[in-house]
Amino acid sequence: MKNWGSGDKAAGDELTPLIYDELHKRAERLFRGENAAHTLQPTALVHEAYAKLIKVDIDWQDRAHFFALAARMMKRLLINHANARLAAKRGGDAIKVTLFDDQVASADPDSDLLDLAAALKKLEAHDARKAELVEMKYFGGMTTEEISAVTNLSVATIGRDLRFARAWLKDQLSEGA
Amino acid sequence: MATDPFKIIEQAFAHASDLTGDAKIAFLKRFKKTHPDLIDQLERLLDSDRESGKTFSGSVEAAIKAATEDPGDHWLGRQLGVWKLSRRLGSGGMGAVFLASRSDDEFQQTAAVKIMGSQLLNADASSRFRAERQILSNLNHPNIASLIDGGTTDEDLPYLVMEYVDGARIDVHCDSNGLSIRERLSLFVEVCDAIDYAHRNLVVHRDLKPSNILVPRTGTPKLLDFGIAKLLDPDQLELTAPQTSDDARAMTPEYASPEQVRGEPVSVASDVYALGVLLFRLLTGHSPYDASLTTRHEIESAILGSAPRRPSDVVTSASSEAASLQLSKSNPELPLKKLRQRLAGDLDNIVLKCLQKEPERRYATARELASDIDRFLDGRAVLARGDSWAYRAKKFLTRNARPVAAGVAVIATIVALVGFYTVRLADERDKAQLAAAEATEVSDFIRDVFFSAAPRIAQGRDVTALDLLEQAEAQIDEMSEQPLLQGRLMTLIGSSLNGLGEYEKSAVLLSRAVDNIEPFAADNVDDMVSALGRLAEAQRNSGDFEPSLENRRRALALSREAYGDAHYENAAFHNMIGATLSETGRCDEAIPEYQRATEILKDAPEDYAALKLSAQATQAVCFDSLGRYAEAEAVNRSIIPEMERVSGELHPNTINQYSNLGLVLARQWKLEEAIEHFEIAVERGNIVWPAGNRFRATHKHYLSIMLGRAGDFEKALELQREIAASTLEFDGPDSISYAIRLYGSGSLSASNGDLVAAERYFREAAELADSIYGDDGAYTIMSRIYLARSLRQQGQWEQAEDMLGKVAPHIDRIGVDHQVNFNLERASLLSQTDRGEQAVTYLDAVMSLRQGTPERDPSWAQPLTQMASAYRHMGALERAKDLSERAHRIGQEGLPNENWIAALATAEYARVLAELDESAASQPLAKAARNALLSTFGPDDYRVAQLSSILNDP
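From first to last, the protein sequence lines are chains A and D.
Per this note's numbering, the first sequence starts with residue 1, numbered consecutively.
Per this note's numbering, the second sequence starts with residue 1, numbered consecutively.
Chain A on its own, in the form it takes in the complex:
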């Protein structure tokens, strides 16, 4: 891990499955409570995963790299789950019984997420950098400063890129609807 900030990609690859498992576990734990009113910040997940995996202090830039990688993992994890669940739903046997009336079901988180992922893939075809920024921002919960540390882009550039990417993705999503 310590080599990673200085560009040793192998260290990052080794960590990948670990991060994936850890995020998975953390996410599950967060939703153990049945109340649907929590807001869940991906940041919290990623930071906890970080705290668990990286016990030693590493410098700030390295941490940002970790978050960038974790953001990608998070996206992959969520897409896998959403696909699996959609498949199950098509099978038609999953009628959810809600015991408690404070449990509010959202519209359809799975297709929402998959739509977003598809739009993001389109964006990637046009402009890979912007897609990556979106990934870090929304799936990794990273701050602009952290993104800046990983990408070496200025904070202003990141802000501009994200603003455009956001508008573009929204446009894509509303077209699909």
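You can take every hint at face value.
Mimicking BS3-like on lysine-lysine, the simulated pairs with C-alpha atoms at most 25 Å apart in a straight line are:
#1 D:Lys33 to D:Lys7
#2 D:Lys881 to D:Lys927
#3 D:Lys7 to A:Lys121
#4 D:Lys7 to D:Lys29
#5 D:Lys32 to D:Lys7
#6 A:Lys122 to D:Lys7
Just so you know, the hints here were simulated from the structure itself, not pulled from any lab data.
Since we're looking at a predicted model, the values are computed, not measured.
Got chain A; can you put chain D on it based on the hints?
For chain D alone, coordinates are given in the frame of chain A:
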């Protein structure tokens, strides 16, 4: 110019998004001309940019949530042991719950089967699940859903089979059956009983909320879901869930107490808090905090920072009209205004007492809460008013921190405080008894005064309550034509002022009350006794002990005259007289008072059990401070089982009692037993008190000192570090309590032979204490004395001498034990720097300071050893032999085998003998001492090395 449409759009977007008004319109016009095919997309993008509505964070969050839910339902129809799963009842925090039935026997039985979700199958979750099983199997109560069976599925998923409760959530049950306030309260009391039962079985539920309490048609509420409950039993600690911030997340935010939100350890008080939220909801249909809060973060901030609303305000405020109407609709006999009136006053107070931010200000137990509701239902006065005794005790400690720390030696101080603490309970009880006897017209009057101003004090706390009392006082002045009623009101308001810490004002008003009532005393004994008793209390609180005693005795005399000598209530007066006497250093006079109280209550009903215990506990404190340790030990020991029965194992009094007994054992150097008792106090204290609580730290401190005496320095220092960490967090680095921690670590390091660390700790402690209290602060003086010792032991004579010089003018500010050490230190320094003739003066001073201590007392071992060493250095070997032999014998007889303090005494004796050329006698002693020191301190210790130098074959 870019040709890729994406790039063109991007550039145009970047440009246009910063423009406004005409400039923007003009730009778009131009763009439309040059790129007619792209203008639509650009406009859509600019629109999307403006709308703030949906964000991707929301989609991602929803997806995370969805990804973590249990997929599919392949369980239906499965057979688990004899149980067949027939229907999914729901998904809870730990997995899924199914309805199941067994039909293997002639009888049919249904049950709820809870299976741990496979996605939760990790060590942490499994241990929680097992913990729940363990917890449930220990709980057998009509209001707790019982455990029938349990096992693991073929997939190795653990499952529990529980009593199936076919009922509605408690809040739904109340509303749909149109229960009245009274019926709701009775139902709630049953829930409290169940929780209290769990607490008595050392279980904290931690996730109380309406969906965990179901009411079947029988009307008996049942508690479910001990999924995140915590076992308090120290023997089963390995089964408990780890206390991480995950725990806080696992529970429902609205019902979480401030300490749970902060991720701090939970206690009985956390359940009491959740019960308060539940009661709030049952009475008003609302949450105690603003209903518009929805996110977890908003709710948590409100729990930590906002004052809860008053139930009576909630049902009146416009925003909640709908729900209140529903509540009163379900009670046709109870229109809205009436509902508000029923809630205002006692019920408001009861609910708000549960919802206090500081755990120690809530009801100490669920049972206390239930009793207060019972009191309300019976029309008696409730306890929930003003501040709790624990809160006032804490205030007292804070207020008196300086004089207490500066005046007395540490241990003595703390004994007095523990004693004080116990006494307060009796006092509180005394008050409750008297309050119950108040005429109803009086309390109605006060309630009206409070109620008329209620809307204004919705946000207020103590200060406003004080305003109100003053307002009431002014109104009383206008009723001089009714002196008796006026006197009663003055009594009530005066004692409320006392409760708010306004002792002088309270005493003035209560004296007037006594004067008013006196002419009518013959026919109104209770009023007179009550006024006198409360006046005595206010005077005691303001430090006017003599008038307080006089009034208390007067009250007692009246009561005896009216009700006879053996009247149970008299015991409270004897008790309080005893407390005042012992507070003013007259323990010998106090003891007969306590004895009398105990005698009176010998066959008293259960209601008086706590008072009796209080009398005995305080009597033990008196024995202790008179040095009558055997008697103190016997009494302390005898009341523990009774205390556990009456107050519960986790009551602060019970816990302090363990510590009190520990102290008495410690004074007799029964170290092992003392450690056992302090350990219990520490373990239970960790459960009951929030981090940062002084009692919690105090018991740990004792344990640490005892471990040090017993030679377990590693554990002892670890405990000091623990206390220091929490002191830093709660009191900050510039507090005297932190200085005390540094001092504690210094003492342990010094005993452990780590002179460098000791020097550093004492130096820091001295500097910090100096910056707070100056040269004559007790901890400044004490730290400097021991700093001097560490310096001397490292051969830095001059620095050591400087330090002692700084201390000398203020030496009468510290306790006798520390004065002894000061003189010893002076003598040691002088004798080691060849000024023996001067040293003798200080050594004589030591003897005279310790004059009252029995000759055989183990506390002689250390000073005698050090004195002997001083005489040895000045060549007065016969005197040194005499003293060190005495120290050696005391060590052999009064201290545990191989104890390091005894070994150091023996070592000194051996060294003196060696210098007297009595080698035959010296060698075996030196060997034995060396072995003992080796096992405590290891081979590198300087004292071991010193001893090796006189051994023939080291």
